[in-house]
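Q: Line by line, the protein sequences give chains W and P.
Counting from 26, one number per residue, gives the positions in the first sequence under my numbering.
Counting from 26, one number per residue, gives the positions in the second sequence under my numbering.
The calculated lysine-lysine pairs, modelled on DSS-like cross-linking and capped at a C-alpha distance of 27 Å, are: (1) K683/W <-> K665/W; (2) K109/P <-> K768/W; (3) K768/P <-> K109/W; (4) K683/W <-> K254/W; (5) K445/P <-> K144/P; (6) K209/P <-> K254/P.
Not the full set, but computed from the structure, chain W residues with beta-carbon under 7 Å of chain P: (7) H100; (8) F301; (9) V593; (10) T594; (11) G648; (12) S727.
For the record, the hints were derived by calculation from the structure and aren't laboratory data.
Virtual Cβ for every residue (Gly too), placed ideally from N, Cα, C.
Protein chains: 2
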Amino acid sequence: GELALPLTPSSFLRIGQLSNVDLNEDIHELETEVPRQRPNEIPHNEKLLSLKYESLDYDNSENQLFLEEERRINHAAFRTVEIKRWVICAMIGILTGLVACFIDIVVENLAGLKYRVVKDNIDKFTAKGGLSFSLLLWATLNASVVMVGSLIVAFIEPVAAGSGIPQIKCYLNGVKIPHVVRLKTLVIKVCGVILSVVGGLAVGKEGPMIHSGSVIAAGISQGRSTSLKRDFKIFEYFRRDTEKRDFVSAGAAAGVSAAFGAPVGVLTPGCISFQFFASMISTFTLNSVLSVYHGNAWDLSSPGLINFGRFDSEKMGYTIQEIPIFIFMGVVGGILGALFNALNYWLTMFRIRYIHRPCLQVVEAMLVAAVTATVGFVMIYCSRDCQPIQGSSVAYPLQLFCADGEYNSMATAFFNTPEKSVVNLFHDPPGSYNPMTLGMFTLMYFFLACWTYGLTVSAGVFIPSLLIGAAWGRLFGISLSYLTKGSIWADPGKYALMGAAAQLGGIVRMTLSLTVIMMEATGNVTYGFPIMLVLMTAKIVGDYFVEGLYDMHIQLQSVPFLHWEAPVTSHSLTAREVMSTPVTCLRRIERVGTVVDILSDTSSNHNGFPVVESNPDTTQVAGLRGLILRSQLIVLLKHKVFVERANLSVVQRRLKLKDFRDAYPRFPPIQSIHVSQDERECMIDLSEFMNPSPYTVPQEASLPRVFKLFRALGLRHLVVVDNRNEVVGMVTRKDLARYRLGKEGLEELSLAQT
Amino acid sequence: GELALPLTPSSFLRIGQLSNVDLNEDIHELETEVPRQRPNEIPHNEKLLSLKYESLDYDNSENQLFLEEERRINHAAFRTVEIKRWVICAMIGILTGLVACFIDIVVENLAGLKYRVVKDNIDKFTAKGGLSFSLLLWATLNASVVMVGSLIVAFIEPVAAGSGIPQIKCYLNGVKIPHVVRLKTLVIKVCGVILSVVGGLAVGKEGPMIHSGSVIAAGISQGRSTSLKRDFKIFEYFRRDTEKRDFVSAGAAAGVSAAFGAPVGVLTPGCISFQFFASMISTFTLNSVLSVYHGNAWDLSSPGLINFGRFDSEKMGYTIQEIPIFIFMGVVGGILGALFNALNYWLTMFRIRYIHRPCLQVVEAMLVAAVTATVGFVMIYCSRDCQPIQGSSVAYPLQLFCADGEYNSMATAFFNTPEKSVVNLFHDPPGSYNPMTLGMFTLMYFFLACWTYGLTVSAGVFIPSLLIGAAWGRLFGISLSYLTKGSIWADPGKYALMGAAAQLGGIVRMTLSLTVIMMEATGNVTYGFPIMLVLMTAKIVGDYFVEGLYDMHIQLQSVPFLHWEAPVTSHSLTAREVMSTPVTCLRRIERVGTVVDILSDTSSNHNGFPVVESNPDTTQVAGLRGLILRSQLIVLLKHKVFVERANLSVVQRRLKLKDFRDAYPRFPPIQSIHVSQDERECMIDLSEFMNPSPYTVPQEASLPRVFKLFRALGLRHLVVVDNRNEVVGMVTRKDLARYRLGKEGLEELSLAQT
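Just chain W, same shape as in the assembly (with noise of 0.2 Å):
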């Protein structure tokens, strides 16, 4: 798709004084010119990038208004602000923490009543045959519960599904997704996670708590909500995307410390202060409410949702002899989570395809719930591993066929919601469990698992990936005593943790978070550096055969991400060769009729215009003189602020900053608009409201180079010069993002409206 280049000035600009007719040859031209812009019907694959992403802009558009606004607060005023800011932070940690505390509650007072009557049930017909019975009714009760779950989601709020996690990676990378922070997401949220969890999924409720903390983040920031209509008047300088993504990534923060009580386990950008106080505040209020609900009031020693229990260092360290046996478990779980992951891709290309309807997505929700409710029941019935109930922590044992004073040990691996079984697998004594329970739940859930991740319900994936790890890693500790004879004393519980670690880092490929995470969550630092090792292997394995799974979904959206850095051997193309063009500029001074026509012309995709000198008669080049974005466009027509032609000298009405955050962030469309025929022969004049320093890059410049400059400031345009500052053409993240790495070397995504 290598463009033929227009060289000479006139066709690089398309100065705005398009009739209707100029307008649509205009897109004709286009069409055929740029063939790559505007593809429909290309089928669904992972190497498209879909047209359909807006950015999000972390540049401040510093035109005059805003400037005059900044140079009238003073000091004192700026410490306000940053008081504000603080307050904020705290709001955001203390419901993000309530939330988290409302989730954990009620789904462990759900999930406890519905396992008491099905053991109940079970307990009843054991005795008397009929198990089937029993069958029927847990995966009855399993599967509406999750059919609940998956309606509300697939109708209300399709963008609540999943863990949340990549769309709040592409928030945070400046991708708009649509929805993604808003108040309906966060409702429907949390009741799903807690139906997909009480519905026996094989999911976890960690996950779902960072996107909840990025809504709420988003909300209280600011200081109004679309949705209910209210808006509380504070706040108002906040209402920008730059402000917006500090505090979605304090409410990130603060949701990773609720979820695991790692305060340091998210490092997105964005103010580290802020995300640490958030996240302070979030498991402080996290545990004083769960510490006063357990009865055992202001014990603070236990932070987060999940808490993998205490390994208590003095009895088990580790040797350097270990350290080998670790990396191999790192290489297991790498390639297990590469094989869960190309699993899951095949399952969501499937799922594109066939499963796009909401029936047929909530119907797939309830076959999986029924599945697991058999798998497991099928599994226990057929298990004959009996454990001594005396001096065991299971919560439901369930005797079955066991003799009395037994329990069914593979029931307690199904049992249980799966944070308590990861807990089981941790610190059960050696011999709770037989290798063979043990094989055949991992192989299990591990299907189940990877079956449930891109259903139509709210869940999580930390949880089951750290359950089916715990699960092989323990069965690894169990036979490497009994290969060497007991000349390795492997202790089960380590293992389980490390076949953990290594299965969570195979799928989702972070290794310094994760490392904080598994710290925290087990409460001891001693087993940091193998949990390093583990995941750092996992990692760099697992990225040899796949994707990590939340990167894998990302791609699968189309979404244009920008990663840290422009592909390694991206040198040999410039600036010139990425950009498009021809770019629609505006003049300083334009007219009305104009503005509206470009606007409404779909077939240019960008949402910003350069602004240019405004007297084309001269001889003068017609160098850039700012840039102007559509939603201010849209403000400036809504409030008529424009002059008829006659009386240029007449001063126009004047904005301010507020009527742009009034309408920040869901502009009207041109459409809702009116300008009468009057009105378009009216002059506007953009020089007050325009960015009048843009950045800008020279045409020669690498596409590196340019890489780094929209990276490093967050861009959503960035305007290519000639050597005499006349615009040649436009970059944005789309045209950045086209550029991948692939096996053989630099390849080119195409761009779809899908």
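Got chain W sorted already, so can you dock chain P onto it with the hints?
A: Below, chain P without anything else, positioned relative to chain W:
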């Protein structure tokens, strides 16, 4: 110091065609017009910015040579480069770990020897009287050891003084501190630290590990040592500031890790994975070697040089009632920290004014060593705090005037390396210390540590700060129990930990890194939240009074340090006011004599020159075409890359990127390059050596905007252009660092040739 703004293009540009006479006139003009540029005799104060520091360039000069090389490298070759990076990081980790081991083992042995000698002496003289001989022995021993440590620092490598953390902070910020990453510095640093600690000063050996790790990283990544005149011809690809910085940050991380066993201690800019990996390897190396050395080979569960011992969290949780107490301790820590910093500030000012001769510095260091020994001795002598020797873990129990089977408890605090004293204060059972002892010790040690920091010896302030804090924390805990008549049971060890955190936080003002470091060093995450709380409180309270110790010293050195963001109230300034103007520009094809003259002209502080279109007679605007660095010009002149004016069509000698890399980073001065009178008349074509796409800003851009661009991309020179892309000025680090937020708002520092 506002400048009158010349507005005609001709006065903006100094197209480089100056004869010697012109040049002198120009200097004259410069001096009258821009009086703040070279004021030589301003008395030292903190409102100065030194002109002696140059910037590092984190922006690759993407000239033709560079791009050609990058384009030649294919995908597979990039993988080799990536593997080399990992190998280098592993080597950095291993060497840093080994250096840490070396320091640890040598200090342990030498200090042990010293304490045994003194103890035997005291034991001898206690019986027969004449303890003043013991005092004399102790003081002389200390003073002579410190003398050697101070001599090598003062006379061989003054930059090795102190902990090196401020220097590395500046380096990573982009300031070139002379000699900071040289091999000689490393050798002096390591020996200096050993001698300071053995000399009984109130110092730690942990801080300097960060500096050591950085030097190791800088050395290895360049594959050569200029000091040793050895070039291993490897890693030549990494011979530029950009790459070197990433490795130095990995080295700093490895240093932190070796010192504290905390792999996530430093979160400096640069690639996190490499930092993480180097840390991992470093901890691992240290542990392996130390575990073998200490006899319990292969037990790797105690990471880091300093290990505060494990707090058993089962026994020692914390409750919500303690939170306000912890916050109060944070306040105390903040105030004491601010006091420490203020005292140290006055002391440092005094030192800068009166103790700048190396001999005096050595004498001061010896004095401090002798005083430290004397104070210790007198306090031990006066103390009547005897404790039973049974069951205690004191290394060198000093009986002195205590009964048989008892030891002097004051002696344990002084008669020990500070690291061990900290651990004792954390873990000795309740009742081991008399409140009076603790109070006196805190008071004395506070002033000693304050006096010691800033001496011309290599030493860190971490451990002394922790020790002061641990002492008053323990005292606080004991008093609390006593005052509330036991209704609050304050475990002295826990309060010692919190006090240590508060004091350290109050002095250095870090939060995130310190929390992780303290958590790692105590092997426990339970106290994560309260430690964070204490650190944040201490930081907020401390910041109210005076800056953190490291920032203060950076400011006292007048280093042009750039913070993350521009001062909040700086929107009123634009690039036009901030930039230096006029700027010396070069033409694309320039006369050699002109280049030599410009480079020899010391009035220009810039090390980069905008390159403009070469033909000055046409009416065409002289738009910016590129940017060339002084160092690049030097290499061009050295290799005589020029052609006679008559034969402009002849291709000039080609240079390779290797020629530039070989000269990096110590480019010869212009005076060492001889250019004959004939050669002066030759022409030099800069096209392929200049960076053709330098970043630019328009003159209207606000200071925060310029700042953001400069800081985010790690620039050294930022060209300011007008609407026609003509050069109007240049912004460098000093122009931005000059503006600072003082107590009353924005203030401007003066520039001085200190």
